[in-house]
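Asks: Each chain, written out:
Protein chains: 2
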Amino acid sequence: MAQRIKGVLAPVITPFRKDLTADTERFVRHCKWLLGHGCAGLAVFGTNSEANSLSVDERMALLEALVESGVPAARLMPGTGCSALPDSVALTAHAVKLGCAGVLMLPPFYYKGVPEEGLYRNFSEVVQRVADDRLQLYLYHIPPMSQVPITLALIERLLKAWPKSIAGIKDSSGDWSNTQAVLDAFGKSGFDVFAGSEVFLLRTMRAGGVGCITAGANVNPHGIGAIYEAWTASGADDLQAAADAVRGALQAVPMIPALKAVVAHYAGDADWETLRPPLVELAAGEKQGLLCALEKLHFDMPGV
Amino acid sequence: MAQRIKGVLAPVITPFRKDLTADTERFVRHCKWLLGHGCAGLAVFGTNSEANSLSVDERMALLEALVESGVPAARLMPGTGCSALPDSVALTAHAVKLGCAGVLMLPPFYYKGVPEEGLYRNFSEVVQRVADDRLQLYLYHIPPMSQVPITLALIERLLKAWPKSIAGIKDSSGDWSNTQAVLDAFGKSGFDVFAGSEVFLLRTMRAGGVGCITAGANVNPHGIGAIYEAWTASGADDLQAAADAVRGALQAVPMIPALKAVVAHYAGDADWETLRPPLVELAAGEKQGLLCALEKLHFDMPGV
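Protein chains in written order, with our numbering: chain H, 1 to 304; chain B, 1 to 304.
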């Protein structure tokens with residue numbers, strides 16, 4: 001098996017034109033900027049990518065364009081978990097066929113209160129139907145959005161059934177005690193734990209994790225990448241504090257429009273602010289506050 | 001404009017084969033049975049249809065097969081609301097082109113806590129992109145599952161912007177006070193309110209509503225249809241009580257597997273029990289309890 005992907009991954013924001021179509025050219029450009037400024041990889045089609053506002057065909061076309069543009073598939077971990085099993089299978093098989101480092105899979109998220117057995121079957125069906133030894137499946141635990149948790153018991157069952165395919169988790173619970181519990185239970189057995197926010201990056205690394213997949217990496221890949229590079233060094237806590245300050249400014253307003261407003265500002269390209277419904281752009285006052293707060297932190301996005 | 005659809009509609013359960021593929025033949029047969037036993041229409045691809053476990057292509061193929069089998073499109077109100085706007089537009093345009101009576105639209109349900117403006121834009125984009133005067137759009141309010149409510153303020157904005165297209169609502173909140181508030185605010189102005197459960201059917205009719213779209217209609221269309229037919233007659237409350245008793249038995253266990261277990265039992269076809277992940281079939285004890293409770297109520301599904 002190839003070396004697994006580790007480090008800081010960005011759930012890349014998806015640029016839209018005014019007519020709400022996806023803008024492939026700007027997407028590729030932002031992806032390349034991220035890889036050149038501290039990101040080890042790209043978790044395209046995550047929550048912050050508005051992935052669940054994209055059709056299956058749109059996701060496949062964007063992923064193919066990215067690989068064709070020269071971005072190595074070995075640095076890609078696309079989101080492939082949908083409500084409908086056939087969609088999850090199709091996207092996962094497509095990503096594996098392109099040679100992606102892994103896939104980040106949401107549980108099916110429409111039905112609530114479903115039994116663990118049903119989630120086990122969902123992931124197991126994907127593994128069996130994709131039927132490719134290259135599949136590296138990362139579970140995506142984000143109960144604030146999916147409302148369907150990935151429990152420790154579910155991870156244990158899946159790891160036992162599919163030890164070669166179940167590769168790790170992104171924990172976006174926002175609950176450090178859950179990340180700690182996952183690390184304690186599975187971190188030493190080759191199950192790779194990514195923090196779901198940069199604010200947990202240093203703690204995650206010190207507890208045996210492998211990196212983070214975080215919204216903030218869309219705008220602050222250099223700041224977050226620096227923590228990962230230096231996590232064993234003496235200055236790591238200072239780097240963490242600096243990244244936390246940027247995250248604090250972002251978190252004061254809705255995250256996805258915030259990321260797009262920041263990129264729009266620093267890239268000098270207002271089209272970046274476009275979101276697909278049901279999301280909406282920041283209010284003028286929110287945008288002003290965010291940009292002012294970042295300026296006070298001497299934040300920049302060189303070359304974006 | 002043609003007469004709008006009213007009465008009892010079933011969110012038809014979707015039959016799967018053991019390999020989890022949709023079984024068109026059994027689907028068509030169950031649809032025809034429902035229309036012959038008390039249902040005025042079919043809200044195919046609802047929550048109880050496991051619609052969010054079906055791909056866009058699967059939904060289109062099933063709908064086309066249904067119309068080709070001779071089921072009048074004027075009796076169909078397919079669910080067309082997805083997380084991704086392009087999917088909602090594609091399914092809605094397809095349903096309108098086939099001549100369906102209406103569409104039942106979930107709000108985009110992945111992102112939580114979204115602003116009313118974002119939901120307004122979502123439905124408005126669908127109306128504008130479908131761009132067909134025949135579109136009759138019914139809003140689907142089911143916060144226990146979608147976690148994204150359709151508020152009175154949103155209905156008011158949409159009705160004002162698209163008075164010819166916004167036709168009504170299915171209220172599956174389970175909260176009578178909400179249904180009453182919607183009826184009070186919009187019921188007299190040609191906005192058609194369907195109860196989301198048969199337990200509210202009589203109250204809905206007496207308060208100015210037009211029917212119900214309910215899980216229970218999959219197995220008890222005759223019992224529920226009888227309430228609708230006789231709602232102004234003296235025996236209506238007795239009919240409501242009888243239907244409530246059947247609903248009570250169903251609700252004691254998870255609803256979707258319950259509906260499938262009941263149809264499997266009365267049709268003598270165990271394949272009906274198959275569900276797609278993340279849903280799972282009833283446990284043996286649950287099934288025994290449900291079937292026994294229905295027998296005590298002298299429940300039957302003649303000719304299914």
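The hints are simulated quantities; they were obtained by calculation from the structure and are not laboratory data. Please read these numbers as outputs of a predicted model, since none were measured by experiment. Any given hint might turn out to be false.
What the hints assert, rightly or not - Lysine to any residue pairs mimicking SDA-like chemistry, simulated, CA-CA at most 20 Å apart:
id: 1; chain 1: B; residue 1: Lys287; chain 2: H; residue 2: Pro115
id: 2; chain 1: B; residue 1: Lys112; chain 2: H; residue 2: Arg129
id: 3; chain 1: B; residue 1: Lys18; chain 2: H; residue 2: Arg129
id: 4; chain 1: B; residue 1: Lys112; chain 2: H; residue 2: Met255
id: 5; chain 1: H; residue 1: Lys112; chain 2: B; residue 2: Lys112
id: 6; chain 1: H; residue 1: Lys97; chain 2: H; residue 2: Gly113
id: 7; chain 1: B; residue 1: Lys112; chain 2: H; residue 2: Lys97
id: 8; chain 1: B; residue 1: Lys112; chain 2: H; residue 2: Lys18
id: 9; chain 1: H; residue 1: Lys97; chain 2: H; residue 2: Arg75
id: 10; chain 1: H; residue 1: Lys18; chain 2: B; residue 2: Ser124
id: 11; chain 1: B; residue 1: Lys6; chain 2: B; residue 2: Lys18
id: 12; chain 1: B; residue 1: Lys112; chain 2: H; residue 2: Arg75
Stated by the list, open to error - Computed footprint of chain H on chain B, listed as stretches where at least three residues anywhere in the stretch have a Cβ under 8 Å from a Cβ of chain H:
id: 13; stretch: 81-94
id: 14; stretch: 280-289
Note that CB positions come from ideal geometry on N, CA and C, so glycine has one too.
Asks: With reference to the structure, classify each hint as holding or not holding.
Replies: Hint by hint, here is what the structure shows:
Restraint check: the Cα-Cα separation between Lys287(B) and Pro115(H) comes to about 16 Å, which is no more than 20 Å; the hinted pair holds. Proposed proximity of Lys112(B) and Arg129(H) is contradicted: the alpha carbons are some 31 Å apart, above 20 Å. A hinted pair counts as satisfied when its Cα atoms are at most 20 Å apart, and Lys18(B) with Arg129(H) qualifies at roughly 15 Å. The hinted pair formed by Lys112(B) and Met255(H) meets the criterion: a straight-line CA distance of about 12 Å does not exceed 20 Å.
Simply put, Lys112(H) and Lys112(B) have alpha-carbon atoms about 14 Å apart, close enough for the 20 Å limit, and the pair holds. A hinted pair counts as satisfied when its Cα atoms are at most 20 Å apart, and Lys97(H) with Gly113(H) does not qualify at roughly 33 Å. This hinted pair does not check out: Lys112(B) and Lys97(H) have alpha carbons roughly 32 Å apart, beyond 20 Å. Restraint check: the Cα-Cα separation between Lys112(B) and Lys18(H) comes to about 24 Å, which exceeds 20 Å; the hinted pair is violated.
At most 20 Å may separate the alpha-carbon atoms for a hinted pair to count; Lys97(H) and Arg75(H) meet this at roughly 14 Å. Only pairs whose Cα atoms come within 20 Å are accepted, and Lys18(H) paired with Ser124(B) is accepted, the gap being roughly 15 Å. Taken as a hint, the Lys6(B) and Lys18(B) pair is broken in the structure, with Cα atoms around 35 Å apart against an allowance of 20 Å. The straight-line distance between the Cα atoms of Lys112(B) and Arg75(H) is roughly 30 Å, outside the 20 Å bound, and the hint therefore fails.
Evaluation of the coverage hint for the stretch 81-94 of chain B: fulfilled, as 6 residues show C-beta separations to chain H shorter than 8 Å, against a requirement of three. Counting residues of the stretch 280-289 of chain B whose CB falls under 8 Å from any CB of chain H gives 1; the rule of at least 3 is not met.
When held up to the earlier numbered hints, the structure conflicts with 2, 6, 7, 8, 11, 12 and 14 and fits the remainder.
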